[in-house]
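Trainee: What follows is the residue order along each chain.
Number of protein chains: 2
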Amino acid sequence: MPAFTEKVEQLIKKKNLISPEMRIVVGVSGGADSVALLSVLNDLAPKYALKLYAAHLNHLLRREAGEDAAFVQKFARSLGIPTFVGYARVSKLSRIYKLSIEEAGRRARYQFLRHVAKKVGAQRIAVGHHAGDQVETVIFNFLRGTGPAGIAGIPLQNKEIIRPLLGVTKEEIEEFCCERGLKWRTDATNLTTEYMRNRIRVELLPYLRRFFNPQVERVVLQLADIISEEDRFLEEQARYLLRKMGQKGGEGEIRLPLTDFLSLPLAVQRRLLRLLIRKSGAGLKDVGYQHFDSCISFLREARTEGEMHLPHGNRMFKGSGHFWVSTAGKQDKPAAMQEIKRDLKIPGITEIPELGVTIQAEIKPYQENFYFPPENYQVCFDYDKIKLPLCVRTRQKGDRIRTFGLKGKKKLKKLFAELKIPPSERDLVPLVISDGEICWVVGYKRGAAAPVTEDTRRVLLLTASKSFKD
Amino acid sequence: MPAFTEKVEQLIKKKNLISPEMRIVVGVSGGADSVALLSVLNDLAPKYALKLYAAHLNHLLRREAGEDAAFVQKFARSLGIPTFVGYARVSKLSRIYKLSIEEAGRRARYQFLRHVAKKVGAQRIAVGHHAGDQVETVIFNFLRGTGPAGIAGIPLQNKEIIRPLLGVTKEEIEEFCCERGLKWRTDATNLTTEYMRNRIRVELLPYLRRFFNPQVERVVLQLADIISEEDRFLEEQARYLLRKMGQKGGEGEIRLPLTDFLSLPLAVQRRLLRLLIRKSGAGLKDVGYQHFDSCISFLREARTEGEMHLPHGNRMFKGSGHFWVSTAGKQDKPAAMQEIKRDLKIPGITEIPELGVTIQAEIKPYQENFYFPPENYQVCFDYDKIKLPLCVRTRQKGDRIRTFGLKGKKKLKKLFAELKIPPSERDLVPLVISDGEICWVVGYKRGAAAPVTEDTRRVLLLTASKSFKD
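Protein chains in written order, with the working numbering: chain H, 902 to 1371; chain G, 902 to 1371.
Okay, chain H solo, but in the shape it has when bound:
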């Protein structure tokens, strides 16, 4: 077994990334990293009885993208590995969601990989990030502003996603490919798009190596590993404390006892606040260092009652010896929320500003290799089977939904609870209705109506531009 494979296997074993007999979807762009990843995992497959699947998403951004897909299919076939190719109009997604091309591509890619994993029943998704990506990420976060989690960098494992190449460098990967006679394709966009990351790689790192530390990459990786473990430990501590100290208030609020909180070390207070704001449904968007600072000052104040503002209209309250976070939804809920109802233009674009959502409907011919988008922000129906017209409305008392694999219907309230949608947000979730039946809970889940099958000729594609629930 070559030294490279051994090095990768060591990391897999040390960090327990896979177990025997797992099914693993491998994201393969066609670049050296993912080609090496597929090849190495294929080396290890017999020993661990792994079943591998290759998955490639065509971003439809470049002319040569089709050749990349063909290259990946040919390479995987040579190893006897089944391959899935999907398509995503990343430039369009980036416009709709007001994301950079890179970010839209990243999200579409992971959603495609999860989709394939679900389809084949895989327990792991392997992607080809290497040590160089890790170093760039840590330096990028360090410079742009971050807490410990940013210095911890890209996780080696995050739920089902694993990154077995994080311990090897780009040079080692290319050397391995050359030794083994593996070919790879170079993504030209990679060299021009990600401005800051490229500057780190091409300009900053060589400068730091020359004038500060020839081993700068190594020391950054070691720091990331140390801090990632400490970050994980502290997160677990905070979770434990929230469970232990938290009491349920009204409307999904979690109340913490003030005196107990103030007796904790500052480091733990910050972690606990962060978790509380997140778990209360307020979200951490735009919540920064200075907010934690203000929260702690507010809680330390002698006054026993009061409130303070958090970003996006959320608030923190204290009173009767406790404190809690209340989301904007609870404060500013429009009085006549139940009455929102709008017909969908098909094809066309329908705006529902009260819910902050725009839904685009398109009719497409069905092709083989059609990419079934994940059901939270894009969804496909069989256009010839779905009952028109469609409309969008918010929830009503007694709403039920039929989902795949379910006999009969489930209460929408129960589904909302399963999806962990905070009560304060539930009146704002758009529902797409066909013939009185909920066929899509926008941002979360589709119903079982009119699925696309092999008999489908025309596809109705709905795309929602509400903020992602990724």
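Computed list of lysine-lysine pairs in BS3-like fashion (alpha-carbon distance at most 25 angstroms, straight line):
no. : chain 1 : residue 1 : chain 2 : residue 2
1   : H       : 1219      : G       : 915
2   : G       : 1219      : H       : 916
3   : G       : 1219      : H       : 915
4   : G       : 1219      : H       : 914
If you are wondering where the hints come from, they were derived from the structure by calculation, not from laboratory data.
Since chain H is already given, all that's left is putting chain G on it; use the hints.
Mentor: Chain G in isolation, oriented as in the chain H frame:
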């Protein structure tokens, strides 16, 4: 009260740096930072009933150093603050201890400040590091390789040393000095000597501000603050666990139960190992990331007994369900250690290679403003009162020592225990003997023999070049 003073006071209050009625020694170089520091603390002195002392160490490196001292004395006198001026031959110290000029200067400075604090009974020593110093330190550590403690940067408080200006920038300091009409002196060496730090300040930071983040300093300071609190919390956790789990072995060894240790999260294991190696007396010199990694692999191995090497001849052992660290001293103790004895050349240089120490003896005329060096690596005697010849030897059974303020003598063994010298090192501590009496435990403490007083005419200055115990 000016905004600047208020900002400094806020940090002092928030982080509890001083208490009312404290005596504080302020290190004053004569630069803008320390001039502002003395001025601000003088503003706050009436409110908190503080008693201030200024202290300036002349490094004897530059011609203008004498003028700096005169400038500081004049400025402090104008505020009615008593001033101490000391002298250190930093270039000589740097040669003897094989340290950079900066490092030798830094050590001499802190030792002088501690010396003055002891003399006046001060509870705090304030030094003028500001936010810019903090940013440089964090970036320096990040690039050279560090754990969380290095990202935490310069501590706001470390035992008696406090840094009230860490929350303000160089610009704010200079603005404050200008507004108040305070003059300061610029240290020319500062611009040329500290190569890496200057490169960070002059070249790297402007580049990062321009191409990555105009607020790079702010985000680095916030990261440092978050990580310093988490670092402190994790250290306390590790200390608690070591006390709870540790069992005393032979020769000052601390034994930890293997199964309990292996059940801890990796982050805690690393912290605990670090503390164990330190507390066992092996020291952390040259112990890096890879050693902790190897230690943990060694402890995880199925073998129930074994040993592994650590730097400088130290070793880790496991057996009978426990593990512990053994210092080099215990392994390689020379058989005939007790017999080491050497006469001191006065004046002159005496080498004792078996103990890794060189002692230089000089005879100096006594002057006013004579700097009394701290007793661990340099010591002064009244040359006309000390009984010659002097010799150097290692400890003998029944050794006793007479120290200042003590009636009669104390067992040397007791002193060693008080000084927390590990048993394994005790046979290697050089003792300077005059007329059968221990007059200096080299590296630690002097005896009460022949102190320098106002009547002293000639001083015997002994300088040891053993590695510092700072």
